[in-house]
Amino acid sequence: MGGFEVEFVDVWKRYGDRWALRGIDLKVEKGEFVSLMGPNGSGKSTLAKITATVEVPTKGSVIVEGRDVVSEADEVRKLISFLPEEEALSGLLTGMENLYFFGRLMGLKPEEIRARAKELAEELGILDHLGEKVKNYSKGMKRKLSLIATMLPDRPLVILDEPTSGLDPITRRELLGILFKRAGGSTLLMNTHIGEDAEASGRVVLMSKGRILASGRPEELKSRFVRGKVLNVRVPVRLKELEERLKRASVRNAITVTDEGYRVYVDEGFKDVVAKEMESLGVKAEVTEVPPSLEDAYTIAVMGHEG
Amino acid sequence: MKAELIVFASKQLKEYLRSPSSLFWTMGWPIFWVLIMIYVFLAGVPEPALPYVRGSVTVSMIAFGLATVGMVGLASSIAHDRDGGLYLKLSSMPISGWGEVLGRILGSLIYGAVTLLAILAIGVAVGSKFEASTLNVLASLPFFVVLLLSASGIGLIISNSVKGRAVEGIAVALLVGGCSVSGVFAPYASLPDYLKLFSKLYPISASMHVINRLLLVKGFAWMHYDFDPSSPLYMAYTLAVSIGFFVAGILFHKAMARKRALQ
Numbered sequence: 001m002g003g004f005e006v007e008f009v010d011v012w013k014r015y016g017d018r019w020a021l022r023g024i025d026l027k028v029e030k031g032e033f034v035s036l037m038g039p040n041g042s043g044k045s046t047l048a049k050i051t052a053t054v055e056v057p058t059k060g061s062v063i064v065e066g067r068d069v070v071s072e073a074d075e076v077r078k079l080i081s082f083l084p085e086e087e088a089l090s091g092l093l094t095g096m097e098n099l100y101f102f103g104r105l106m107g108l109k110p111e112e113i114r115a116r117a118k119e120l121a122e123e124l125g126i127l128d129h130l131g132e133k134v135k136n137y138s139k140g141m142k143r144k145l146s147l148i149a150t151m152l153p154d155r156p157l158v159i160l161d162e163p164t165s166g167l168d169p170i171t172r173r174e175l176l177g178i179l180f181k182r183a184g185g186s187t188l189l190m191n192t193h194i195g196e197d198a199e200a201s202g203r204v205v206l207m208s209k210g211r212i213l214a215s216g217r218p219e220e221l222k223s224r225f226v227r228g229k230v231l232n233v234r235v236p237v238r239l240k241e242l243e244e245r246l247k248r249a250s251v252r253n254a255i256t257v258t259d260e261g262y263r264v265y266v267d268e269g270f271k272d273v274v275a276k277e278m279e280s281l282g283v284k285a286e287v288t289e290v291p292p293s294l295e296d297a298y299t300i301a302v303m304g305h306e307g
Numbered sequence: 308m309k310a311e312l313i314v315f316a317s318k319q320l321k322e323y324l325r326s327p328s329s330l331f332w333t334m335g336w337p338i339f340w341v342l343i344m345i346y347v348f349l350a351g352v353p354e355p356a357l358p359y360v361r362g363s364v365t366v367s368m369i370a371f372g373l374a375t376v377g378m379v380g381l382a383s384s385i386a387h388d389r390d391g392g393l394y395l396k397l398s399s400m401p402i403s404g405w406g407e408v409l410g411r412i413l414g415s416l417i418y419g420a421v422t423l424l425a426i427l428a429i430g431v432a433v434g435s436k437f438e439a440s441t442l443n444v445l446a447s448l449p450f451f452v453v454l455l456l457s458a459s460g461i462g463l464i465i466s467n468s469v470k471g472r473a474v475e476g477i478a479v480a481l482l483v484g485g486c487s488v489s490g491v492f493a494p495y496a497s498l499p500d501y502l503k504l505f506s507k508l509y510p511i512s513a514s515m516h517v518i519n520r521l522l523l524v525k526g527f528a529w530m531h532y533d534f535d536p537s538s539p540l541y542m543a544y545t546l547a548v549s550i551g552f553f554v555a556g557i558l559f560h561k562a563m564a565r566k567r568a569l570q
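Line by line, the protein sequences give chains A and B. Under our numbering, think of the first position of the first sequence as 1, with each following residue one higher. Under our numbering, think of the first position of the second sequence as 308, with each following residue one higher.
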């Protein structure tokens, strides 16, 4: 089945006094794979839930192939498949029983469910576990099962909310590989805070505090925002004075704190400046240049947006 | 809707049967109390009355077991599914929602029948006696059903009013509290007057009184009731209030689902 177009027109969403979405305008073309990328609180989950008809916008509209997700919610639900962040599985049922449960609710016949479930489970490596109770599954297996439940019907729009959350890099790559392979011509809308996962999509939409910062192909966004070099600075200990100096040296005062130290964004020639700053503080640091990531593009985009 | 009803009933039933805590609280615990009450607390009961008093103990524990299914089992199951994201996913699917709640009730009724038979079997095995005509036995069946339905209504209200893991604790507290003061755990005759009034009105104990009257014709006199639970007026009241609680629970569950959808 081909994909459906999704159009977001001036979408706002408020929870109490807090605006989670502030005037989102976005168009997703038929068959496109779009990632919404941003940290917690950026509004990407809210946007996904509105598209999946589980919440309603405060203002504005979301149109799925000409159907409004609020006034024609019942019609839209027949066209979409939604993978929420929680697994939504019953631990006391087996994997196959869970798939049968969701498949029947989505209007599939038992034989269709069995055939499709076995196909997808074999690709994802959990076929031998379908007869076991889900409470005995690992987190990765549960996520795979949830993905299979989402992919059982052939829907023109598939919405995924953090599909790889909490998984190791190998399982994440496996899951996304199958997702992309099996989606066919469906339109995919995926939320993630992991740049590596967003790289798999055709277009990435960077979001922050309910607004869209930028939208484009992964490589386009990286070259647009990361103009100079990305330096990985490994330090034995983090110091406030060090952080302040690195921010001054970095483009848009943007630095990212990592497990090992910092990522700093500098123009050409500033690598030596950073090394000298370390030396002047008496900090033994290892400074290496690394390829830019989508997280780097996001960090610089946010700093530019927020001043 | 038919597919929804069947899959939810099947899910609910399997979850009851596969959950050790569910099996313990709905069957194990009442069976334990049947044995304790029969062998420990009936010492002063005159010999001729003993088998029928054992019968009333069995009826009480069946009432407790069925109430546990509805008030605790159903409430916990819904809360667990909500916390696990199932309702979020269901909101995105083309289902009516009626199949979900009615399917859960159907699953609970089937499991309730299993619970009833298990407790009854143990009660009879340890000397419980019933004396009832076929008509009385048939007449008692709807009251077992509405007892579970009223408990389910209360369970639906609890599960939609309380967030998170507190659901089970609050449901158990209300169940045990209600049963303690309504004559499920203690004989009706031993209750003070104000609790006798509550016992007559509370749907779970009301159904239990009707069942006692219908199934323990000979032994009923030993139970010292000050009213006739088999009067048409009382039976009609019991059916009405039980169905009322059930309908209230269903409507509240649907209203809360609508509220979540409009967020």
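One should not assume that every hint holds.
[Claimed, not checked] As a list, the in silico DMTMM-like pairs of lysine to aspartate or glutamate whose alpha-carbon atoms are at most 20 Å apart:
1. A:Lys-181 to A:Glu-29
2. A:Lys-229 to A:Glu-132
3. A:Lys-139 to B:Asp-500
4. B:Lys-321 to A:Glu-97
5. B:Lys-470 to B:Asp-390
6. A:Lys-135 to B:Asp-390
[Stated by the list, open to error] Taking beta-carbon pairs under 10 Å as the criterion, some of the chain A residues facing chain B (in silico):
7. Val-56
8. Arg-104
9. Glu-243
Since the hints were made in silico from the structure, they are not lab data. Note that CB positions come from ideal geometry on N, CA and C, so glycine has one too.
Determine which of the earlier numbered hints do not hold for this structure and return their numbers in increasing order.
-> The structure breaks hints 2, 3 and 9; every other hint is satisfied.
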